[in-house]
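Chemist: Top to bottom, those sequences are chains A and B.
Quick note: the first sequence, position 62, residue 62 per the numbering used here, numbers continuous.
Quick note: the second sequence, position 14, residue 373 per the numbering used here, numbers continuous.
Hints listed in this document are in silico derivations from the structure and should not be mistaken for laboratory results.
Misleading hints may appear alongside valid ones.
[Said to hold, decoys possible] Derived DSSO-like pairs: lysine-lysine, alpha-carbon spacing no greater than 27 Å straight-line:
#1 B:LYS979 to A:LYS341
#2 A:LYS91 to B:LYS968
#3 A:LYS295 to B:LYS785
#4 B:LYS402 to A:LYS274
#5 A:LYS185 to B:LYS1055
[Claimed, not checked] If you want the footprint, here are the derived chain B segments under chain A, 3+ residues with CB under 8 Å:
#6 828-839
#7 946-958
Predicted model, so just to flag it, every value in this text is computed and none were measured.
Backbone N, C-alpha and C fix where the C-beta goes; we use that ideal spot for every residue, glycine too.
Listed below, chain by chain, are the residues.
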Amino acid sequence: MSDIAALQSEILAAVAGAADEAALEAVRVAALGKKGSVSALLATMGKLSPDERKVQGPKFNGLKDAVTDAIAARKAQLGDAALDARLESEKLDVTLPGRPENSGTVHPISQVLEEVVAIFADLGFGVAEGPDVELDDYNFTKLNIPPDHPARQMQDTFYVAPQVDGASHVLRTHTSPVQVRTMLKNKPPIRIISPGRTYRVDSDATHSPMFHQVEALVVDEGIHLGHLKWTVEQFCKAFFEIDQIELRARPSFFPFTEPSLEWDMRCDRSVPGKITFGTGNDWLELGGSGMVHRKVLENCGIDSSKYQGFAFGFGLDRMAMLKYGMPDIRSFFESDLRWLKHYGFAALDIPTLDGGLSR
Amino acid sequence: MKFTLSWLKEHLDTDADAATIGQRLTAIGLEVESIADPGAALKDFIVGEVVTAEKHPNADKLRLCSVSDGKDSLQIVCGAPNARAGIKVVLARPGTTIPASGDVLKLGTIRGVESRGMMCSARELLLGEDHDGIIELKAGAKVGAPVVAALVDAGLLANDPLFDVSITPNRGDAASVYGIARDLAASGLGKLKTDKVQPVAGKFPAPKKITLDFTPENKDACPIFAGRLIRGVKNGPAPKWVQDKLKSVGMKSISALVDATNLISQDRGRPLHVFDADKLSGNLHARMAKDHEQVLALDEKTYVLDSETIVIADDSFARGIAGVMGGMDTGSFEDTKNVFIESAWFDPARIARAGRKQGIISDARYRFERGVDPQFVLPGLELCTQYILEWCGGEASDVVIAGTLPPPHKPILFDTALVESFGGIKVPRERIIGILQVLGFVVEDHGDLHVVPPSWRHDVDGPADLVEEVVRIHGLADVPSVALARSSAVAAPVLSKSQRRSRTARRALATRGFNECVTFSFIARDQAKLFGGGDDARQLSNPIASDLDALRPSVLPSLLAAASRNAARGFSNLQLFEIGAAFDSGVPEAQKTVAAAIRTGNAERHWQKGGEASGLFAVKADLLAALEAITGAPMSAPITQGAPGWYHPGRSGAISMGPKVIALFGELHPKVLAAFDLKVPAAGFEIFLDAIPDTKSKGKAKPLFAPSPYQAIERDFAFVVDAKVAAGEIVKAVKLADRTLIDTVSVFDVYEGKGVPEGQKSVAVAVRIQPKDATLTDGEIEALAQKIVAAALKLGATLRS
């Protein structure tokens, strides 16, 4: 039946030639519509004899299927082409900027404090806090610094104007009054660190009138100088994240500790503007420490015949400067956006012992 | 405290070099600030020998020399007239830094001839002014060796390292070269070798008497005062060795009489005063000053004293502030003929107080307030007598003494086991006793030790001090480190709730693009006044600068000042925050911890348009996000219109939980912005972290998850309402129309203008309805809608047609 074959090839040619979906629809209607050529041919089936139908039926259906499939395939092809054309027309310049969003930062002081807290938390130290405006008694007298003691000259103190009741308070010169408050409130065993803002009347290239300290206090039975040494060593090693750190303790004096010692760290400063730790011939001062003075324990209501304790204190700003290579303490408090972004830490860089204190 | 190695060796017999001594000083608590080695700058120079010296072919005044460096001969052009064959010279080779110029020597060509080094003059090495010729070293100098030894040999360099040691306030005994030698000797480095001071016999009775005129309560102000007169002295310059010695530690030479006291002060830690006896009227008295009594001191300033200050007076007037500074009118000068030497012991606390009160810093105060050795009152007087007689001639009177030496220190009961249980190191008992004895302590062994500190140690008054002495001399480095016991196997959390809040707020704000600042807690008073502060109670008595004189009542002014500084640098679009202290008054209890933030600037320009300026709703979103982070739950606390005066009165609000305001937010008042010279919009907020109530813990388990199986539906309502009615009121009213079915109500449009009557607005809300038990029928939904409309009507809101 060359009629059928001819019709099929004629329709398939039309399908292939349909340029768009409308033209294809026209071909479909012309072939498969009620009055279409294929429909007309199918309509002749009924007039055939059963034998002829057996022969012709499959051929007729084959034609119908071929045409239907061809139209579907062409339709998909045209659809893809149309989508491609649309997508091509929707092209954007990806080099244009996205929605502006500021990237926030965490101040180095906050970051370094979290590092310090992470280390001490693992050693079982709580974090104690106290007010910046402090009683003279807590800042000095209870710490065994009576009025007119030469040690008061070690710390140039800011005084707050006299209050209505005549009382005159100070801006704390160290965070040691927090230790006093802790000992007055709690009974041993005590393990705390006390971080915070501290103030001294001092302003030059290496001093700022406000700075930050973190102190540690342990009071318990049987605490001795060896525990102090171990704690300082472990802390410094963990904080600086260097194994080959070398520390030196030397005898010193603080009114609130006895014996008192200061800590230095070996460093190399032979290359200007660069510090390398654990090597070289220089020593860098880290902070002070000692066994809590018997009078301080007793001033704070702790039985010094039963309990012994140690304390040490470091400058937080100084620790940040050393670890992260920041040259000038004064710039910490200037809020220069460029500095904040340069030395600040990413919002989600949270220091942990498991993940590491720093990147 | 400064001293040279040679000075130290006058008291200490040791072969140790400067570096070893320095390390030991630091190890025993006398911290070395620096050791200046005068030979250090010359370490690269060597001894050279001029082999030949010919005339330079192209210059009459220059010589062409061949100089041996011990191995090779170098060709050097030299202009010095004394450059000649056979002399030993100071040779600098290329690469050596010349001290006078600081330049590094290079290979040079002089008048067409190459020069491979330089022979140096004294001036070029900073060893003197001589520049007429090059240095000629002694013939025995070893060619090729470092030049320092040869320079010392030639008398051109005093190779005497200068120590600068920082003395802690407790160690008055170490404020002298002798005291430092004594401590070093105790540590085993060398032997103390100073002879006892021999007394000088008086030739005549002292014509002046001394009295101690104190009431009983001030009796301990000056327990002993000794003196003597020397007549017929001739004041002038001190001997050269004295001048050189004082200069070597940076002290000025003034006159023989003054230098004698300064030398003894530095050498032996004994301050003295030399009066011009002819200017004193009558006898000498130590007493407390009268209130408002005046003294013209040696620094030519007049000091007004009070009754807590000790003075040395004659029969007429106070003539000096005892232990601090002598008086001008009775001082020793060029024409002084007869002198009276004062040597006394004063109570350290009273000296410290007087010095601090008068603001006088002097060598005498420095030593007296740290405590000098009372046993050296008389030897000091004798030593001074010897010097004056030797340097100025004259004749000494008998010594007069008022009072008696203060009693020796009380014995301390010392259990030697404390060295291990407190000092953390096991030291044999004999060694403990030995250390204490070598330090001058008198030790009696009665099972427990009875230990009497030496007269020069005023800082030792308990067993802990003795442990310190033993440990510092035995060696702090040897104390073994001992681990602290872990208080729990797995470290327990340590942060308080408020500490966690601060942390969370910090990270939340940084995540939203804010840059954290840390600023001073004090600001300018004028700025404090804008934020409800600036009162007298929050002023500093001694501010570091006049614009940092007030405790800040709020963190916002600090941030605005920071924004202003950044704007001046060309950065106006900012997001800054700080978590820190603000002060309600000047007492410890009046401090609060505040998280404050600001946004400043206009919307960042973007090619797609539509950014947001630093306005109310930007900071409101920041604030709510921060509060959600802090509390761990969506913020449902009521928001009220209005905030204190530093905010825009119509564009600010407050959030309260219970009775407490936990946060303020809004655009900042234009006057405030003007005060900070900010020319761009700014809005901000303050969270009062301490005011946020604790959430009650209901255990760790969360409530069971029970989602409704029925689909939620959303219906929109547009109401027309008086423009003054807050959108929040409408939302609240709608929500309360049916508490079980209405899940959320959100405002999605607010419109005023055409189509809405004057003075009214249209507020459109989307209501999300969540059926709980069964799908709602049309009738039920309609009924709910009626309830919503009725609820809104109570606020005067009608459904917009």
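Chemist: With reference to the structure, classify each hint as holding or not holding.
Modeler: Cross-check of the supplied hints:
For the hint pairing B:LYS979 with A:LYS341, the CA-to-CA distance comes to about 24 Å; that is within 27 Å, so the pair holds. Distance restraint check for A:LYS91 and B:LYS968: the Cα-Cα separation of roughly 19 Å lies within the 27 Å cut-off, and the hinted pair is therefore satisfied. At most 27 Å may separate the alpha-carbon atoms for a hinted pair to count; A:LYS295 and B:LYS785 meet this at roughly 25 Å. Under the criterion of a C-alpha separation no larger than 27 Å, the hint pairing B:LYS402 with A:LYS274 is consistent with the structure, at around 25 Å.
For the hint linking A:LYS185 to B:LYS1055, the alpha-carbon distance of about 25 Å falls within 27 Å, and the restraint holds. Under a criterion of three residues with beta carbons nearer than 8 Å to beta carbons of chain A, the stated coverage of the region 828-839 of chain B is upheld, 6 such residues being counted. Coverage of the region 946-958 of chain B by chain A holds in this model, with 5 residues showing a Cβ closer than 8 Å to a Cβ of that chain against a need of three.
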